[in-house]
Amino acid sequence: MARESAANSDLVSRRKIILTTGAAGAAALAGCSSGDGGGDSDDGSDSGSDSGSSSDSSSDTGSDNENTDGSQSGSMDTSVLTADGSSTVYPITNTGGSYWNSNPEAGDEDYWPNSWAQEEYDTQMRLADFFAQDYGYEATEERSNPPFRASIALSHSGTGVEGVMEERIDIGDSSAPAEAELAGTGAGEETLNNFVDHVVGVDGQPIVVSREIADAGVEQITIEELRGIYRQEITNWSEVGGPDRDILALGRSAGSGTDTAFRANVYGDPEASISPDQRFGQNQQLQQAVTQADNAIAYIALAFVEPDGGTPPIGLEIDGTLYEYGKNLGAQDYPLSRDLHAYTWEDTSRKEACFINFLLSDFGQEIFVAGNNYFKLPQDRLETQREMVAASNYE
Amino acid sequence: MSGTIQRRIQAVRAWIDATIAAIVTWFRELPDRIRDFLDRTPADAQAILLVGFVSFAAAAYFFWRSPGQAATPLALFAGATAVGWIRHRGRTAKALTMLASVVTVAILLLIISFLVLHSRDAFEHMGAELLWRLEPPFWEAPSPDGTYSLTPLMVGTALTTVIATMIAAPLGIAGAVFISEMAPRSVREVVKPGIELLAGIPSITYGFVGLTIVNQYFYTEFQTPTIASYFAAGVMIGLMALPTVVSVAEDALASVPESMKSGSLAMGSTEWQTTKSVTIPAAFSGVSAAVLLGVGRAMGETMAATVMLSHTKGMPDPFFDVFSRYGETLTTVIASEAPNAIGGMHESVLFAAGVVLFVSVMLLSIMAQYVEWRMHRKLGGQQ
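Just so you know, the protein sequences line up as chains A and B, in that order. Counting in our numbering, the first sequence runs from 50 upward without gaps. Counting in our numbering, the second sequence runs from 979 upward without gaps.
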């Protein structure tokens, strides 16, 4: 995709900026220039610190690409990989991190079953060992002892973006693009260009209605009707083919990530003004309200949809395409879908790439993304994302 | 009447003059007092005090600037305190208690200045419209240059507070009269602690009951436009403010001197006549203070209101329509939107809501204290 390849070319120019501005330490600079002189490959590898300072764990972004080929095992960065941020992305990275840290043996039927290890990957290696080997990490062959540990914290998208920017953490989880999260802070183009965007999954929010409305025959609405409902221009269900009953339009907290995404995607403007009848801070409250009411409409996270219970989903029609629960809500054109980001800062280090690639693997997508009620990346996007962190970039 | 007002104004003027005079005198005498203090304090005590205060100030400064370095001055302060405690116990105790009060006041000042500083952007951006605007849009969050107005939130706070007061004041006063004047001793001993226990129930508990039962009741039975209303929230907040009103009003009624009641009874009044015509009028200031304190509590209540209101901002039509689809107060907007407002105008407006709330609650408690002070003066300070 054009966007990703542009991002890739960004990596190169960015590294040059780092080199010229001397963001890296003097020693790293020396290493870099010699590496460049040797005709180093042009990809964004920066993980291994030079052998003299391998104990320095926090500044892996500062040192640059001097590991030209082979024999890096002595200088591999095996410090703890840290991530923090959005509670929406957290289930994916955290489940991934838990599996990773446990490093189960092939054939552990709960965590690394033979149906995956042998049939899909044809390996006898432990989980983390297997996925780390391509990046030059040596297998530990021990349970609970992965090649490097992953520690995943939980907060908000803004906190994650800020944390990765200030280099407190390696990976910043965010359910909204970094530019949206930093919109109020006056961060410039230069700052935003330093973020490397890895999309690890897609969240799609179905439109749900109260049981009574679904039973009365409302199965789908158009995007125009949805816009009208959330602007109080359509206030009765009979206007969209339902019973003669007021519409109770439910939304999320003003200014929250979900609210902003809704306005941006449905109305085309993140600052569009909407006036739902009632706003809630959490999906749980929303689910309860839709269940309690007999005239409500809401958009809600996938995990809270109950097709046969109190929150039945309905379809959304856009330009003749019908988006339905269980079919195509992960499509990029569905307005209530959003990418789940795992940001890195100033290129992606070997360690970060290794972990993100783990999340992007077929195993990761199935277990951590689909397993947590999110949508797997469609195949074409998955390929582009994998290329960004491919092990071949780090050889 | 005008004579009374003039007398009041004169009294206030005299009070201001006296205060200024006291401050001027204090500063004029300051050098003398310092000299006097130095004369009376042994050299080693002076040194300990100096080390203590300087190290405390340094610890505070480092704690702010680089917390890692605060340990050394803090240890020095602890050392100075320990030495002082052994050698000059009285003086050290005096200095420590003084330090504690200074810190308390300093924290208050810091909070106020923090609030005001952070809300400045909002006031500069919106001007008077931040406080008074009757036309939508009221709230274009999180846009940095959108329109923001606190007016609908102030209306929301006013509506819930008025409803809460209408519940808490009559019930609270009636309860206080019963407990203080009518109930037999055995009943009073059970009911009074019970009511004080009521004040200890966490507000989210009230909110949860309100959310699942009261809101739902109004929605299904009376078809309120949303599963939330100012009325339902106001009722719940009123119940929460009830214990405050009862216990303060009861104290006021109990502080009416027994001699006044006995006198009334001796003149042949019945107990009810005594209560109605002697006790309640005598304790009127205290009972008003109780209601005002209850109002302050209702106004600042956050948790229950946050889960019970609809969080949409707008002017009900008419403005006192407590069953409209709108529902947001000064407190709930902060609680529900602060996690999403990182920096920028949105956050500043929330701080402005905090300032408005702070000022209103402060005015209320000053009013309550003034009323209480008058009561003590009127009844000769018998408690």
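Keep in mind that the hints were calculated from the coordinates and are not lab data. Honestly, I wouldn't trust all of these hints.
Simulated restraints, written as ranges between beta carbons of each label pair [as the list claims (entries may be wrong)]:
(1) Glu-268(A) - Pro-1296(B): 58 to 66 Å
(2) Glu-1102(B) - Gln-182(A): 53 to 61 Å
(3) Ser-1255(B) - Gln-334(A): 45 to 53 Å
(4) Phe-1301(B) - Ser-164(A): 40 to 48 Å
(5) Glu-282(A) - Phe-1092(B): 50 to 58 Å
Away from chain B, derived, C-beta distances all over 10 Å, residues of chain A [said to hold, decoys possible]:
(6) Glu-211
(7) Thr-271
(8) Phe-329
If you want a taste of the chain B side facing chain A, the calculated C-beta under 7 Å gives, among others [to be verified]:
(9) Ala-1049
(10) Ser-1121
(11) Ile-1205
(12) Ser-1288
(13) Ala-1316
Fair warning: this is a prediction, and the values are worked out from it, not measured in the lab. We treat Cβ as the ideally placed atom computed from N, Cα and C, and that holds for glycine.
Cross-check of the supplied hints:
1. Taking the beta carbon of each, Glu-268(A) and Pro-1296(B) are about 39 Å apart, not inside 58 to 66 Å as hinted.
2. Between Glu-1102(B) and Gln-182(A) the Cβ separation comes to about 59 Å, which falls inside the hinted range of 53 to 61 Å.
3. For Ser-1255(B) paired with Gln-334(A), a C-beta distance near 52 Å keeps the hint of 45 to 53 Å intact.
4. In this structure the hint that Phe-1301(B) and Ser-164(A) lie 40 to 48 Å apart at CB is violated, the actual value being about 58 Å.
5. Judged by the Cβ atoms, the range 50 to 58 Å given for Glu-282(A) and Phe-1092(B) is violated: they are separated by roughly 42 Å.
6. Distance check on Glu-211(A): its Cβ comes as close as 8 Å (rounded) to a Cβ of chain B, failing to clear the 10 Å threshold; non-interface status is violated.
7. Even its closest Cβ contact with chain B, about 24 Å, leaves Thr-271(A) beyond 10 Å, as expected for a residue assigned away from the interface.
8. Residue-level check failed: Phe-329(A) sits 7 Å from the nearest beta carbon of chain B, not beyond 10 Å.
9. Interface hint status for Ala-1049(B): violated, as the beta-carbon distance to the closest one in chain A is roughly 23 Å, over 7 Å.
10. Restraint check, Ser-1121(B) versus chain A: the minimum CB separation of about 4 Å is within 7 Å; hint holds.
11. Given the 7 Å rule on beta carbons, the hint for Ile-1205(B) holds: about 6 Å separates it from the nearest Cβ of chain A.
12. Evaluation of the Ser-1288(B) hint against chain A yields a held restraint, the C-beta minimum of about 4 Å falling below 7 Å.
13. Annotation: interface hint on Ala-1316(B) violated; nearest CB of chain A at approximately 10 Å, more than 7 Å.
Hint check: violations occur at hints 1, 4, 5, 6, 8, 9, 13; the rest are consistent with the structure.
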